[in-house]
Structures are given as structure tokens and as C-alpha cells.
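A.B. asks: Respectively, the protein sequence lines represent chains A and B. Going by the working numbering, the first residue of the first sequence is number 1, and it counts up by one from there. Going by the working numbering, the first residue of the second sequence is number 1, and it counts up by one from there.
In short, the hints are calculated from the structure, not lab data. Since the model is a prediction, treat every value here as computed from it, not as a measurement. Just so it is clear, CB atoms sit at the ideal spot from N, CA and C, and this is done for glycine as well. The reader is advised that the hints may include incorrect statements.
As the list claims (entries may be wrong) - Partial list, computed: chain A residues near chain B (C-beta under 7 Å):
| id | residue |
| --- | --- |
| 1 | SER23 |
| 2 | VAL25 |
| 3 | VAL28 |
| 4 | PRO29 |
| 5 | ALA32 |
| 6 | GLU65 |
| 7 | PHE185 |
Unchecked claim - Using C-beta positions, here's what the derived DEER-type ranges look like:
| id | chain 1 | residue 1 | chain 2 | residue 2 | range |
| --- | --- | --- | --- | --- | --- |
| 8 | B | ALA164 | A | GLN42 | 19 to 27 Å |
| 9 | A | ASP85 | B | GLY93 | 24 to 32 Å |
| 10 | A | GLN42 | B | PHE161 | 25 to 33 Å |
| 11 | B | ASN173 | A | ASP173 | 55 to 63 Å |
| 12 | A | TRP26 | B | GLY93 | 48 to 56 Å |
| 13 | B | GLU28 | A | GLN42 | 40 to 48 Å |
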Amino acid sequence: MTEPTPADMNVTPPKKSFLRNLSFVWLVPLLALGVSLGIAWQNYADRGTLIEIAFGNASGVVAGETTLRYRDVVVGTVEEVNFTDDLGQVLVSVRVDNDVAPFIDEEATFWVVRPEVSARGISGLSTVLSGVYIEGAWDNVAGSLTTQFEGADTPPLNQPGRPGRRITLATDDGTTISYGSPVLFRGVEVGRLETPRLSADGRSVLVDAFIDAPHDARLTQATRFWDTSGFELSFGASGFSVDFDSLASLVTGGIEFDNVYDNGEPLPSSYVFTLYKAEEDARRNTLVRGPSQGVPFAIQFAESVNGLEAGDDVTYQGLEVGVVTELRSRVVETQFGPELSLLVNVSIDPQRMGLPAGSTPEETVEFFRFAVETGMRARLATESLLSSDLRIELVVLDDAPSARLVESDGELPRLPSIESNLSDFTATAEGVLERINALPIEEVMQQAINLMNAFEQLARNEDLQRVPGSAVALLDDTRALVGSEAIQSIPAQIEAAVNDLTALVAEVREGGAVDALGSAMRNLDRAMADVAVASQDAPALTANLREITETDIPALLAELEAVATTANELELQSFVDSATGTLNRVEALIGSQDTMELPGTLNDALTEMRLALAELREGGVVENLNATLQSASDAAGSVAASVEDLPQLTARLERLVAETETVVRSYGDRSDFNTQTLSALREVQNAARAISELAREIERSPNSLIFGR
Amino acid sequence: MSGYGMANAERAQPVLTAREAGLVGCAECGHVFPIGTETCAVCGTHLVSRDIASLQRVWAWLFAGMVVYIPANVYPMLRTSTLGTTQESTIVGGVVDLIDHGSIGVALIVFVASVIIPVSKFIAIAYLAIRVQRGLPGTASHFHLYEFVEFIGRWSMIDVFVVAILSALVQLNFVATINPGIAAVSFALSVAFTMISANSFDPKLIWDVPPKGKPV
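Just chain B, with the same shape it has in the complex (with noise of 0.2 Å):
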């Protein structure tokens, strides 16, 4: 069974798909099935050639994540009370608050992650997508740009860590309270949704070529 993989890494050029050769792999233990198969063998999970409708999902998720993501930006991350006196800061105000402050470090850090990796994946998903969509056959660079879009995105969490810890921790009545705004959700919603939108994506779509040169 094996030997099909095998030759299909052989025969590199032009490369052989499982389905083309007829095949469904499975996507949790690698084992191939004839195509038609409807369960793997090995560990029970369902088999689908190609997963039609995953496109649909990540599009879905991923308007969802950027639907979510401009309240995060727009809303007061942090709610700050300080004797008496609230002072409301929305995740670029408070990256240039810490500007002002002189934590460029601290900046750099909240603003590549709350910012920057976001829009990032926004980019890569909806690139990856309209490519698949539009039949381009996909290379090696652009699994890579998948591949690192599934692990970076967890890291987008940093900022709702950093929110979600000076909550618990500075709860000090009326000398100082920091309580977290309507950002804070909408940002950490925005991250789960845009990870669930790469997850949704079919990476095998990739390097599929469409028959007739036809979007799938």
C-alpha cells in the first residue's frame, strides 16, 4: 500500500497525487486507501479525497475572524481606574502609549502580535484561498506560508494572556483596577476564528491542478 506513496514520491515529476492515482490518504495516520473508501482502516477516521466544502469553512471562519477583529480595534482593550479616574485604551492606543512610555521593546512585541500576525494570516488565508479557488497550481513556498500560518496563530493570544493577567491580578479598589473592555473578546474570538479558518483549509487543494483549468 505503501508502495503507491512510494512511487509517487518517485515519479516527482509531474507530481502524482493520490487521487490521481486513484487514492484516498488518510490525514491522521498517513495510510491510503482506494479511493471510494469511506473509513480508514487504521484509525477510524472518515476519508474524503478532497474535502469540497472546506473552502466554504474558511472563507466562513476567516470573515467571521475579521468581522470580530475591527471591534478589537476599535473598543478599549483595557478599562484602567486609577484613584478615581478611568482611562479607557484600545490596542494601538495602548501600543502607543507604551511608545510615549519609552517600551519600544514591550511596543514591538504587542504590536507584532496583536497586529501585525493577525493581518498577516488574514493575507495569507484569503491568498491561499483565491489561488486554490482560481485553479493556480500551488509550489512548495506556499504549503510553507500555510504551515507557518497554523503555528503562528496561537500566538496571537499573547495580547488576551497579557489583558486576562492584569485583570486577576490588579484588582486593588479604588487606588488602581484594570478590567478588560469589549476589545479583549472580540480580539481573543478573532484569533480562535481565524485559526479555525487555517485549520479548515485543505492543504491538499494546494497543489491541486484542476482538470479544466477550473476553479473546484
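Bound conformation, chain A alone (with noise of 0.2 Å):
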């Protein structure tokens, strides 16, 4: 056993090259601080740009939990709550994304959503169980990056980025808009109201609208804006009517607007458009207004100009060329030592005038110093009849005496005036309304209503009535004649007759019974004769009655038609005076004596008649004619002739009994006098109604009445 030496100590020193040893493992470390770094760049990078917004108060807002949104999806969030060194305001910062970030330049608008219930609607209802939100709006064109905003306490109207025109709106009220007030297009919503403010003299309320595309492209200088909030509650002949155009605006108010004329100039940059009260101001003003648009002109009245004020109207033959602007009063020194004047101010556009557009006011000026001289004269005029509202009228007068435009440094061009004939032309009104009120529309209303009474009374007279019933015994009593034994025996005892006829004659022959018949004859004679006269005076009735009917109530008529012709033609007082003296001729003529005895008379004469018939039957003619006959052989050709005329009689009888009936039918329904009186009726109801339209036609345009025009 030998000790084991150990073996040669081969031991090779390290190897002093630091960089040949050098091993791969150094590529690890090397690898995690890579990929560390990589971790902590990106996520330094992708942490966003911080923004900060400041509101007025920061309810609902949490760091680290709010979040910012963009068209409702989440691009940031809020990493700090802080304040304004001043506490004024609180500052939340905004981590943002990195891929929206460029978008959000100056233009951007923040807000912050919270549920909210309106008028118009329930928003912002999915914050009440996530909380509230933080919602950005800004145009999708990338700029320049700002960090610091203004937050908004309500949602813009106009997000950033949607299409639109902003406008301005000047009005002297701003009790009817509000903030999300919609504004209509021929009740279309186009755009919104922002919130009203004071302009910065504080004369006016201004308000920013937002139009959206397309319809901002209708707004030109034609575009008139006019006010549609509430309700508009009218009262005319119509009765009552109620007028809005949506609960919305009824709420919140609402504007309108529409361009008043076609093809309106574009609009320049900082165009501040009127709200006007009403559409019917918005449409009637078609001038541009304001100081820019109008030359301004001053004209001094020696008269009173109460009832004019600002903003009534200028024209020039009746066409609107300007404005009043200002009323005020001055002390002009005259030769009687100092006199207060009034001098109104006035805007007038020279286009409006006929001048080329763009013309300067030195141009229009001039024009007017040549109109002056050639007779242009300002002067005050009635609005209409019936208001005391004046308006300013140039007239260009003939026979004007000489004025010449008043120039003077620091003022306004003067305009001469001329004294109006407003005072007269009052006078002439109340004339004409006195001449009205004069008209006896009552008593001409009263006769026709005692007409209508007349009338009424006539159809309901008891003798009237009372035809009927004696016609019908009439014809009784004829039937009765016809038919009794008497005349049906006559054929049997004439027979009779002619067989002691024949007796008879061999007596006669032996003298003395022809003298007995000869007066028989001559009583039968007389009896025919009376009954013949009765039956005369029958006919003759019916004819005064046709008369009546066919002649009288035409004539009447004709004469309403008449006044009804007379009263379109206008002549009026006389059209009162005529229709005055026809309605007492037609209540005379119903009411005189004869008419109303007419059924009396017509009743009297068919008794006689009945009566007459019954002395015919009762009354021995045919017992005296057997008599006769029996007696007279001789005398039955004679005799045979008049029983031939009884035939006759009876149709004349009822001739006249169907003359009766037309007169007396044409009394009742549906017949021509009805028809005839229902005409009538039409007609004063025609007069009536061209009454009326007269009084409408006044009443529009008195000058007709008094110019006959």
C-alpha cells in the first residue's frame, strides 16, 4: 500500500480575458432588462395624455373610477379630483387615451352626464346604477393638444364635429326662450336655442342658435326668425281658437323661422338675425333693420306724432321702405324766440328705395336731395280707419311748396314734411260712422218682421180655413140636385107631359091656357136669370183673387228683388227709404180691410150659391115646371131647351168650383203662393244678407264708401 500521491497538480489558472469567458448566460439579464424596459416604455406610452377639465362642481365624480367618454365609449379615465388654487372651481384630470388624444383640441367640450328629467325628455338614465360619466365632444380633425378645459354644466347643442351653422339671435325679450328651446322649420325641429344672454350694453337679449345641416344652408338675409312659444288664443266671428305648435315649445318656448323672400344674400360672418314677437311682424318686415343696412334720415313734424313710435313703419306709395327709429324732441330757435319741435328719426333702405345694392348713404343721400327738390315730402298717415297707429308716408306732391334736403354737419339729413290731412280725414271717418249708426237698420228690420207676422197671420185666418168646407158643400148640394127624384123623374113626367101635352093642346086649342103659360115662362125665365147673374159674380171673385195672387204679391215681390238690387248698388239711404215704403205697402195690403175679407166674401158667395141651389131644389121651379108642362103641351120644345140647360149649369158650376179649388189650393201647402211667399221670404233674406255684406264691405274699407271705390 503506497500512500496515493496525488496526481500533478494541473491546474491551469483561470483565463485572465474577462471577454473570452464571456458567457452566453449574460444574454438573460440582458433580455429581462429589455423586456422590462419594453414593458415599462409601452405602458408609459399607452398610459395617455392627462387632461384637465374644470367644473363648477364635481358631484358624482370619483378618481380612479369615472370615466371620460366619446360618443359613449370609454377613452379615459379620471386619475385625480383636485381643486383650483382658488377653490373656485374643481379640476378633474383626465387620463385620455393616447389614439383620441389628437382630436381633443380647443373645441372640445366636456360634461359631465347625469340622470336627468325635462321637459323634453329622460336622459342620462344608465348612470343611475353605473354612476355618472364624463362625456367629450370634438370635431374628428386632429389639432393642436390642449390640456386645459372648460367644462360645461349642460351637453352642448352644437357638438364639435357636427354639421351646422351657429347663428346669433338678438330680441328685447327673453322671457319666452330658454335653453333647448327647439327651433322649427314649417314645424320641423332643425335646430336649438342655447342659453339667452345679455348683450354687453344690455339693451338686448341674445341668443345662440344651432342649425343642423342641411337646413342651416335655407338661412340667408331673407331668413326672418320669429317667436312661437305658449299659445296664441284668437277670438273672431269663428269663435275661439287655440294655437300652438308643440308641447315642447309650449313648455320651453320655441322659435320659427322662414325666408321671406327667394334667393336672400349669403350671410356675412357675424350676422346677428331679429326675433321677432310674431310671425305676422317678421313677415311684414321684410326690410333689413339696423343701422348698418339703413341710411338714416331725420324729419321734424310740426304736428302732433302720437300714435307713432319706434319701429313703426316708412312708405312710398304704400311700398315699405324704411323704419322709425327714434322719437325725440328739440328746441329750434325760431323768430318768436325758442319752440320745441319733434324730430323723428328714420332709417330708410336705399334698396328698398331702388337703389342699385351698394349704394353708400352718400349715394342714397344724394338721391334724396334730388326727390326733395323735386317735390318728395314726408308726412304722417293713419295706419287704417279704425286704429289711431300712424306711419310715416313720403309722397312726392306737385304743387308742394320749395324744400330743399336740411344738411348740417353733425346731424342727420333733414327731410321736409307737409302738414297731413289726418285731422279731416278723422272727421270724414266719423261722418261716415255717424251716417251708419243713422240708418234705421232696426225699423227695417222691425217691418220685416211685421211682414213675416202679416203673413203668418193671413195663413192662419179661420175663413181661410173655412173654403175648404163650403167647397166641399157645394159640391154636396150639386150632387144632391143632380140626384134628387126630382130631375130624375123629369124624363118620366115629361113623357107624362107630352101625353096630357097632347090632352092639353086639344084644350088649348079651345083658348085661353096660352096666356097662364106665357107668364110661366116668363117667372122660369127670371129664375134662370138670377141664378145665371149668381153664377156670374162667382167667376168674377176668382178672377179679383187671381188677380191678387198673380199680379199684387209678383209686383211685391219684384219690388223686394228691387231693394235687394238697390241695396247692392249701394244706395244705401235710399235702398232704407224704398225698402221702408214697399214693407208699409205690403203690411198695408195684407192688412187692409179687403184682403182680410176676401175669404169672407169668397165664403159669402158660395153660400149664396148653395143657397140659390137649394131654392133650385126646394123651391117649386121643377113642381111648377111639372105643372107648367102638364099644362103646356105646346111648350115642350121650349121646355126641353131649358132642362138643356141644366147640363150647361152644372158645368159652369163646376168650372167654377174647380176655380174655387186652385184658388183655394194654391192657399195650401206646396202651392205657388206658398212657393211664391217662401221666395219672398228668400228674397228680404237675400236683402238681409247684401245688407249685412254692405255693412262688412264698410267696415273693411271705408274709404269705398267714401270715395266710391
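Two independent chains are provided; combine them into the complex using the hints.
C.D. replies: See below:
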């Protein structure tokens, strides 16, 4: 066993070169470092841009939780909620995603979305569960990054990036407009109002409106805006009417616009529209108002300008060419000492006066200088007959006293005025009204009523109603007469009479009876004559009646028609007179004793006729005849002839009855008489309507009464 | 053959290392061969008397572990979404939260496992590596330190396991969702790198004394 000797220490010392010994394992920490740095850098790069938004209050905004959304997509998170240095506002720091950060430029707006209930609906309901969030709006054009923003309390109406146009409206009174009120075009909502604000001088209320595309293309200088807020209650001939546009505009107010003429000039960059009270005002005022468009003039009036106010029209030949801008008084030195005179400032639109577009004020003044020399004057005129509103009228008078445009430094060029014929005209108008008042309209109406009453009375007359009864009785009598035994027995008796006659002839031949027969015949003739006379009276009566109905009543109607015609022809006074006369006469006719007695007379005639017939039947004419026939065989032919007369009489009676019937029927319903009564009433109605038309015509254009056109 | 080892053990003062005895020991089966032998005849392991590249690997993995340990602490470990609100918590933030909620025990475990152990490991490995580089002779306590570091390293993974289990279990959509953050991956890598670093360390270097008092 030998002690094991250690092998030679063949230990190679470590190589000195560090680089040559460098192990690949060093790639691991390098890689780890690289990855870590990469993650760190990526995290840093991805963490977004910090922006600060100042809000009045940050109710519900929580750091680390509240999100920033754009079109309802989360694009950032609130990192910090601080105060501004003066504690005046809440400063919300929001980390915004890098991909949207470039778009957040100066135009971006931010507001906090909270649940809201308003007249226009409920919004932001989702925030009840998830908590509030900050909504941002910006256009889709990348701009320079801005990091300080002022948050809005309410969502902006014109969200950046939304196509449309923002305009400014000016009005005197901001009570009817409010934030969010709709802007309507023909009743369709095309925009929204923003919060009204006072102008710098406090004289007017300015409100911005945003009109969505493509409706903003309709806006020109011809566009007029008016207020459609609330409802309009009007009372007229058609009763009450209530108008309002929409419930939202009823609650929050709304405005509507339209172009008052076509091809309006494009809008200049900072154009302020006027918001009119009503559509009527807006449409009437096609003039471009405002100091920049009109050329100012002054007019001095010696008379009262009561009824004239700023905003009233200046017209030339009825065309609106300007507007009254100011009324003031000033002291004028005259030879009798200082005197107060009234000065009216007006603004004249040169384009409305026919001057070319783009005329300078100097050119306009030059035009008026010339116009005044050729007789143009200003004078006051009334807006209408029934109102005391005044306007200023520019007139060209040939015989005007010479005057010129007064121009002095520091003052507006002054147009000469002439005295108006205002007071005369008022007097004339009063006269017209007095004459209208004096018209006996009520009297005419009263007489018309009387006429109706008389007609009614006539129809109700008992005698007239009895006429049919009498006629029936007459017919009955006639039938009884024809059917009476005596008449029926006439042929038999004639036969007997012939036989007797034969015997009688023999007797007669013996003499003496012929004279008695002759006197009997004379009696018979007389009786027949009586009957004839009675029969003749009835036709005459009928004729009278027909004459009345056919002549007098149509004449009356013709007269009524004439009345209507005359009324239409505006012979007012004479119409009233002639109407009165006619009605008087109609009334007299209806009320006259003759007319009233007419049915009575007719009745009497019929009664007489009946009596005559009864007499004919009962009174021994026939018996006498029989007796006579028995004793007069020679007179057979003449007796036969007289008997032949009986059917003729009957026929006449029938005719009479028929005529009577016609008369009676003419009183009955649906008859000519009735129709004519109706048409007469209709004519009266027409006449009344003509009167009311006339009255309306007078009300509308009283001038026509005076000037006859 | 084992006689060399026994002889070495008997001659305890001063320690004769295998290297000084001209031998090389197998790290797997403990068999010694004459120095210069390339492969262990017993188990086939590549035989190296002293792994001269060992310290480089130690340092490299240590650095890698330290590098990824930074994001592991800076970035969130857990992303908790409850009813629409998302909350992110880092390791230390989580510990603070746990203390706030009164779970001091759990907080302590998390803190020890996630902070104290990894940091101690960095310091311990670095300390041992520096000692070796400076040629300072190591003692038994240094060796025990190395063994402790190697043993305790895996327990740092407890945090990663917690995150993994929570993320797998709590997926209740809107009501509650837990997702791992970047830190979870970083931390897992950090633990792994440190373990590799510790394993790369050739403990034999601890008791080597360079002949000229120079670092190996």
C-alpha cells in the first residue's frame, strides 16, 4: 500500500480575458432588462395624455372610477379630482387614450352626464346604476393638443363635429326663450337654442342657436325668425281658437323661421338675426333693419306724432322702405323765440327705394336731395281707419312749397315734412260712422218682422180655413140636386107631360091657357136669370183673387228684388227708404180690410150659391115646371131647351168649383202661393244678407264709402 | 477511491479539497476520479473540478431576477372588477389592503413570501458570490446559507399560486372578476430566475482559497 500520491497539480489558472470567458447566459438578464424596459416604456406610452377639466362642481365624479366617454365609448379615466388654486372650481384630471388625444383640441367640450328629467324627456338614465361619467365632444380633425378645459354644466347643443351652423339672434325680451328650445322650420325641428344672454350694453337679449345641416343652407339674409312660444288665443267670427306648435315649445318656448323672399343674400360672418314677436311682424318686416343697412334721416314734424312709435313703417306709395328708429323733441330757435319741435329719426333702406345694391349712404342722400327738390315730402298717415297708429308716408307732391334736404354737420339729413290731412280724414271717418249709426236698420228689421207676422196671420185666418169646407158642401148640394128624385123623374114626367100635352093641346086649342103659360115661362126665365147672375159673380170673385195673387204679389216680390238690387248698388239711404215704403205697402196690403175680408167674401158667395141651388131644388121651380108642362103641351120644345140648360149650369158650377179649388189650393201647402211666399222670404233674406255684406264692406274699407270705390 | 474522501475527511485541519488532492468529484453520485477525467464512469455526468463559468451564470440570472422584480412590484398583481368598477393592486398595495382589512396574518405571509424572501435571496446570493470573487475562504455557515437559499426559493411562488387560483375561480363576469396583472408574470419570472441563479452557484467555490489570494 503506497500512499497514493496526488496527481500533478495540473491546475490551469483561470484565463484572464474577461471577454473570452463571457458566457451566453448574460443574454438572459439583458433580455429581462429589455423586456422590462419595453413593458415600462409601453406602459408609459399607453397611459395616455393627462388633461384637466374645470367644473363648477364634480358631483358624482370619483378619481380612478369615473370614465371619460366619447360617443359613449370609454376613452379615459379620471385620475385625480382637485380644486383650482382659489378653490373656485373643481379640477378633474383625466387620462385620455392616446388614439383620441390628438383630436382633443380647443373646440372640445366636456360635461358631466347625470340623470335628467325635463320637458324634452329623460336622459342619462344609465348613469343611475353605473354612476356619472364625463362625456366629451370634439370634431374629427386632429389639432394641437390642449390640456386645460372648461367643463360645461349642460351638454352643448352644437357638439363639435356635428354639421350645421351657429347663428346669433337678438330680441328685446328673453322671457319666452330658454336653453334647449327648438328651432322649427315649417314645424320641423331643425335646431336648438342655447342659453340666452344679455348683450354687452344690456339693451337686448342675445341667444345663440345651432341649425343642423342641411337646414343651415336655408339661412340667408332673407331669413326671419319669430317666436312661437306658448299658445295663441284668438277670438273672431269663427269663435275661439287656440294655437300652439308643440308641447315642448309650449313649455320651453320655441322659434320658427322662414325666408321672406327668395334668393336672399348669403350671410356675412357675424350676422345677428332679429327675433320677432310673431310671424306677422317677421313677414311684414322684409326690410333689413339695423343701422348698418339703412341710411338714417331725420324728419321734423310740427304736429302731434301721437300714435307714432319706433319701429313703425316708413312707406313710399304704400311700399315699405324704412323704419322709424327714434322719436325725440328738440328746441328750435325761431324768430318768436325757442320752440319745441318733434324730430323723428328714420332709417331708409336704399335698396327698397330702388337704388342699386351696394349704394353708399352718400349716394342715397344724393338721391333724396334730388327727390326733395322734385317734391318729395314726408307726412304722417294713419295705418287704418279704425286705429290711431301712425306711419310716415313719403309722397311726391307737384304743388309742394319749395324745400330742400336740410344738411348740417353733426346732424342727420332732414327731410321736409308737410302737414297731414289726418284730422280732416278723421272727421270724415266720424261722419261716415255717424251716418252708419243713423241708418234705420232696426226699423227695417221691425217691419220685416211685421211682414212675416202678417203672412202668418193670413195663413191662420179662420175664414180661409173654412173655404174648403164650403166648397165641399157646395159639391154635395150640387150632387144632391142632380140626384134628386125630381130631376130623375123629369123624363117620365116629360113623357107624361107629352101625353098631357096632347090633351092639353086640345084644350089649348079650345083657348085661354096660352096666356097663363106665357106668364109661367116669364117667371121661369127670371129664375134662370137670377141663377146666371149668381154664377157670374163667382168667376169675377175668382178673377179678383187671381189678380191679387198673380199681379200684386209678384209685383211685391219684384219690388223686394228691386230693393235687394238697390241695396247691392249701395244706394243705402234710398234703399232703406224704398225698403221701408215697400214694407209699409206690403203691410198695408196684407192688413187691408179687403184682403182680410177676401175669404169672407168668397165664403159668402159660396153660401149664396148654395142657397140658390137649394132654392132651385126645393123651391117649386120644378114642380111649377111639371105643373106648367102638364098644362103646356105646346111649350115642350122650349121646356126641353130650358132643361138642356141644366147640364150646362152644372158644368159651369163644376168649373166654378174647380176654380175655387185652385184658389183654395193656391193657399194650401206646396202651392205656388206658398212657393212664392217662400221665395219672397228668401228675397227678404237676400236683402238682409246684402245689408250685412254692405256693412262688412264698409267695415273693411270705409274709404270705398267715401271715395265711391 | 473512496479512500481519498475519507482521507480528506480525516485530515480536517486544514481541509484538503478534492481539487487539492488532484481529484474531481461527481456532483451527482459523489464518485471521485482523477482530475482531468471528462465523464463520470458511474452516472455519465460531465465532470468539472471547478465550474469557472459558474459565477457568471449566477450573476447573470441574479441580475435577470432583480430586473424583473422591479415591474413585479411596480405594476398591479391583481385586477379586480366588481360591479363595473375595476381596482388594481400591486404586491405591497395588496399587503396594505390586507392590513387595512385586519388580516394581519395573511398580510404577513404575503409580505414574507413576496418581499422578504426574494429580497433576502438577492442579498444572500450576491453576498456569497462576492465572497467567492474576493477569494475569502468560506465557512460552514456560508454553506448553510447557500442551502437555505436554495430551499426557501420555491416558497416565493406562493404569491403566484394565489393569483393563479383566484384568477381561475373568480370569473363571475359583471359581478366580480379577478385577472392577473403584469406583475404576476414578472414575479414568477423573478422567482424562477433567482432559483436558477442559486442553482448555478457552484458551492465548492465557497471553500476554495485561490493560491495567490486572487479571485478565480
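A.B. asks: State for each hint whether it applies.
C.D. replies: Status of the hints after comparison with the structure:
no., hint, in the structure
1, SER23, "holds (4 Å)"
2, VAL25, "holds (4 Å)"
3, VAL28, "holds (5 Å)"
4, PRO29, "holds (4 Å)"
5, ALA32, "holds (4 Å)"
6, GLU65, "holds (5 Å)"
7, PHE185, "violated (42 Å)"
8, B:ALA164 with A:GLN42: 19 to 27 Å, "holds (24 Å)"
9, A:ASP85 with B:GLY93: 24 to 32 Å, "holds (30 Å)"
10, A:GLN42 with B:PHE161: 25 to 33 Å, "holds (27 Å)"
11, B:ASN173 with A:ASP173: 55 to 63 Å, "holds (56 Å)"
12, A:TRP26 with B:GLY93: 48 to 56 Å, "violated (33 Å)"
13, B:GLU28 with A:GLN42: 40 to 48 Å, "holds (44 Å)"
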